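Novice: Here's the letter readout for the chains.
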Amino acid sequence: MIANIGYGGLLVAFAVALYGIAAAIYGAVKKNERVAESARLAMQLTFPLVSVAVVALLVLLVSGRYEYAYVYNVTSSAMPLYLKITALWGGQDGSLLFWSWLLSAFTTAVTLRKWDRDREFLPWVVVVALVTLVFFLTLSLFVDNPFERFFISADGGEVLAMFQPAGTFAVLPPDGRGLNPLLRHPGMIIHPPMLYLGFVSFVIPFAFAIAALVTGRSDDRWIRITRRWSLTAWLFLSLGLLLGSRWAYDVLGWGGYWGWDPVELAAFMPWLSGTAFLHSVMIQEKRGLFKRWNMILIILTYLLVIFGTFLTRSGVVNSVHSFARSALGPLFFAFIALSALTAFALLVWRWEKLHAEGNMTSLLSRESFFLFNNLLFMGLLVICFSGVVYPIVAELVTGNKVTVGPRYYELATPPLFLGLLLLMGIAPLSAWGRSTVKTLGKAIWKPLAASLLVLAGVILLGVRSVMALTGLWLAAAVGFITLYDYGRAVLARARRSGESLPLAFWRLAGRNRRRYGGYIIHLGVVIMAIGIIGIESFQVETQRAISRGETLSLGAYSVRFDDVKSFDTNDNRNVVRAEMTVIKNGREVGQIYPRRDFFYDSQQPMTIPGMYSTLEEDVYVILADWQPLTADRATFKFYLNPLINWLWTGGLVFILGMLVAAWPAQEDEPAGEVKP
Amino acid sequence: MSFPNKFIIGGALMVIAIIALIVAAVSQGSQYFLTVEELQARQAEMTGREVRISGAVVGDTIVYDPETLQLTFTIAHVPGDSAEIERLGGLGLVLHNAVNDPTLPRLKVVYTGERPDLMRNEAQAIMTGKLGEDGVFHAEELLLKCPSRYDEAVPDQSASQ
Chain A
1 MIANIGYGGL LVAFAVALYG IAAAIYGAVK KNERVAESAR LAMQLTFPLV SVAVVALLVL
61 LVSGRYEYAY VYNVTSSAMP LYLKITALWG GQDGSLLFWS WLLSAFTTAV TLRKWDRDRE
121 FLPWVVVVAL VTLVFFLTLS LFVDNPFERF FISADGGEVL AMFQPAGTFA VLPPDGRGLN
181 PLLRHPGMII HPPMLYLGFV SFVIPFAFAI AALVTGRSDD RWIRITRRWS LTAWLFLSLG
241 LLLGSRWAYD VLGWGGYWGW DPVELAAFMP WLSGTAFLHS VMIQEKRGLF KRWNMILIIL
301 TYLLVIFGTF LTRSGVVNSV HSFARSALGP LFFAFIALSA LTAFALLVWR WEKLHAEGNM
361 TSLLSRESFF LFNNLLFMGL LVICFSGVVY PIVAELVTGN KVTVGPRYYE LATPPLFLGL
421 LLLMGIAPLS AWGRSTVKTL GKAIWKPLAA SLLVLAGVIL LGVRSVMALT GLWLAAAVGF
481 ITLYDYGRAV LARARRSGES LPLAFWRLAG RNRRRYGGYI IHLGVVIMAI GIIGIESFQV
541 ETQRAISRGE TLSLGAYSVR FDDVKSFDTN DNRNVVRAEM TVIKNGREVG QIYPRRDFFY
601 DSQQPMTIPG MYSTLEEDVY VILADWQPLT ADRATFKFYL NPLINWLWTG GLVFILGMLV
661 AAWPAQEDEP AGEVKP
Chain B
1 MSFPNKFIIG GALMVIAIIA LIVAAVSQGS QYFLTVEELQ ARQAEMTGRE VRISGAVVGD
61 TIVYDPETLQ LTFTIAHVPG DSAEIERLGG LGLVLHNAVN DPTLPRLKVV YTGERPDLMR
121 NEAQAIMTGK LGEDGVFHAE ELLLKCPSRY DEAVPDQSAS Q
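The listed protein sequences correspond, in order, to chains A and B.
Letter by letter, the first sequence follows residues 1 to 676 in my numbering.
Letter by letter, the second sequence follows residues 1 to 161 in my numbering.
Rather than coming from a laboratory, the hints here were simulated on the basis of the structure.
These figures come from a predicted structure and were not determined experimentally.
The beta-carbon is built from N, C-alpha and C at its ideal position, and this holds for glycine as well.
Be aware that a few hints might be false.
Residues from chain A shown here face chain B by an in silico Cβ test under 7 angstroms; the list is partial [as the list claims (entries may be wrong)]:
#, residue
1, M360
2, L363
3, S386
4, K401
5, T403
6, V404
7, T607
8, T635
9, K637
Some, not all, of what chain A presents toward chain B, calculated at C-beta under 10 angstroms [to be verified]:
#, residue
10, E410
11, G419
12, Q604
13, F636
Using the sequences provided together with the hints, build the complete structure.
Specialist: This is the structure in structure tokens:
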């Protein structure tokens, strides 16, 4: 019954969405305001309708209705309530429904805004949003229906269906299989919705871009309206990537945080094009340049968002992440191809209209630095995309199955990342139009000199790797330049207005959120870069079997194996937990507890590292093996991960900067700002 | 908008540099993805080269020495093509049949490191490493998947009673 209501809600939403598309196009073409208005109402109606389906699925999940295949596959009665709720996006069917739900919520929020000055955009925004929604609803209704139940036919065959087929009887499993234990981690519970929030938010600027193309408006209005959506999308996508990394570090037990896995790339690629877009729109707003390029970037981002959802959900590529496999491939490809064709056809149609309002002149101008920034981001995107599709293309062309491993990315990407780091230092200090070497030099020579001291210090510490030295020096330079510039502005403001320094700092950021939010983001990136360089260049590891009381040493640290215990928990796990003392330079500094959990219901073990974390490095120990009969001896793998905490700290600074940049402020949309 | 020549030259240089980087990285970072059968058929060509290989873990052959961290096991051939696997009834069934079919080609694998959590009978092992002169595969990276566990699945019929 509940399932039927949920499925019914989806069906009605599907019909309403189809009507909305037709009404919006008709209303726009015939300039019929009333029909266009009814399209907007149809758009808003999809939200409660999809919500009905989401609530229905939640009720099934929470009440443990295991006759439903989805409920059976992602929950079990031993799971706590919050895990049953988050199981909504724990599997493929549910996460597609969740996608539709977010999309209808966001687009409804957009249609609630005042449209006075942008009336002509409205129907086309509705069309783009609803077409996307119809695609995802189609998947939920006809391919990956989360409301299907188990039946068994007379000949013993298994059937999945909404309604009981003739000649079958229902199956009622007493318990479900439960969520994959690897996914039962706070980071993994928030990670997918964060990525999805990011993915879905990017649909909004894309919808406005298409509306601008269809209506032939060549100004930057679509960018200004959707600026906060783009930033929000970017915020969530970044958060999703960070949380995913943290999850991998905490749970997967290989001492790393990023593996260049195709599914990681699925989220990373729209992030790259989205980041390029966020930078590049500023040139259009300030100088009226790059209009076509911005269109290309947002179209690309939308396509990569759909492609990313497809990669994570179809299991088309071999990956640790693909817990899901299905027949979605052809549908996704068709939709991506159609969207790409339509969007680029519109762009070609409006190509002449989107001419630039100025020229590029100086190589040292702000717009020139932005151009190179965009080239580098696109370069990274091309590298990642080539890596993902190379196996597919190579097989088509040569018949050989070939893959590229992490080594490919580790070779190809660092020079581009370093280039971006360099630009990040110089670009914010350059002027629009033109800068000279002299003015730029004046702004950066002091912090640059200070960064050379850091470089000398790092060399004295014994670092010899050219890549690490370049990276650390650049990070220091960019960090100092940014701080120096920010500091000078704060001082000037404090002197001028008589405010205290913290107040001046705060008010300055409030006055120009985009600029100073951007500075904070850049500082966050610098701190993260230091962490990444640290772990990538200086991670060391050792592994050995040791007896109780013995120690394992690495660098300044050693860990002593004190004890190991094995016990059962009441949530159906067997835990083997080692107790170890962390010793630094002969002094005991802490306790760690590497452990292995064995989940009886899924017959799956899981390794959880013991960590002793400081700003300088993490002691990261894995209980690799333990023989119950000889409890006195166990095998440990011991990693020393230098500077890894800088990565997480930088991530927090990065997010703070994004909040500053995206926070609603009055000066964001001054009235009557429309350009002729 | 017209770009002065210096932009075109600068941009072109960057594009060329990026393409060169990709080509260099692909040539160093790419590996053939082979099945057991293909690897053994092309043994002479593939020996000593870094390749990726996948197969079904034969449970009885798993030997692990926690002192030296040496893990040895044998994998049985499974098809490399996912459509082929679907046609044969899905990965779970293909792995099960591969382990129980002694006529299929098999390959001995040596790996040094901790014993992975999912290392067990009928798991799919996906490995990167080199085939030695001795015909043993020396894995440097070992990834395991147990499809039967978390794929869409129908519960045991016994559970419905």
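Novice: Hint by hint, note whether the structure agrees.
Specialist: Going through the hints against the structure:
Taken as an interface hint, A/M360 checks out: its beta carbon lies about 6 angstroms from the nearest beta carbon of chain B, inside 7 angstroms. Among the interface hints, the one on A/L363 holds; its C-beta lies about 6 angstroms from the nearest C-beta in chain B, closer than the 7 angstroms criterion. Of the supplied interface hints, the one on A/S386 holds, with its beta-carbon coming within about 6 angstroms of a beta-carbon of chain B, less than 7 angstroms. The closest approach between the C-beta of A/K401 and any C-beta of chain B is roughly 4 angstroms, which is under the 7 angstroms cut-off, so the hint is satisfied.
The restraint placing A/T403 at the interface with chain B holds, with a minimum CB-CB distance near 5 angstroms, inside the 7 angstroms limit. A hinted interface residue such as A/V404 counts as satisfied when its beta carbon comes closer than 7 angstroms to some beta carbon of chain B; here the least separation is about 5 angstroms, so the hint holds. Because the closest C-beta pair between A/T607 and chain B is about 6 angstroms apart, less than 7 angstroms, the hint holds. A least Cβ separation of about 5 angstroms between A/T635 and chain B falls short of the 7 angstroms threshold, and the interface hint therefore holds.
About 5 angstroms separates the beta-carbon of A/K637 from the nearest beta-carbon of chain B, less than 7 angstroms, and the hint is met. The criterion of a C-beta within 10 angstroms of any C-beta in chain B is met by A/E410, whose closest approach is roughly 8 angstroms, and the hint holds. The interface hint given for A/G419 holds, since its Cβ lies 9 angstroms from the closest Cβ of chain B, which is under the 10 angstroms cut-off. The interface hint given for A/Q604 is met, as the beta carbon of that residue sits about 7 angstroms from the closest beta carbon of chain B, less than 10 angstroms.
Contact between A/F636 and chain B, as hinted, is supported at the beta carbon level, the nearest pair being about 9 angstroms apart and thus within 10 angstroms.
Hint violations for this structure: none, all hints satisfied.
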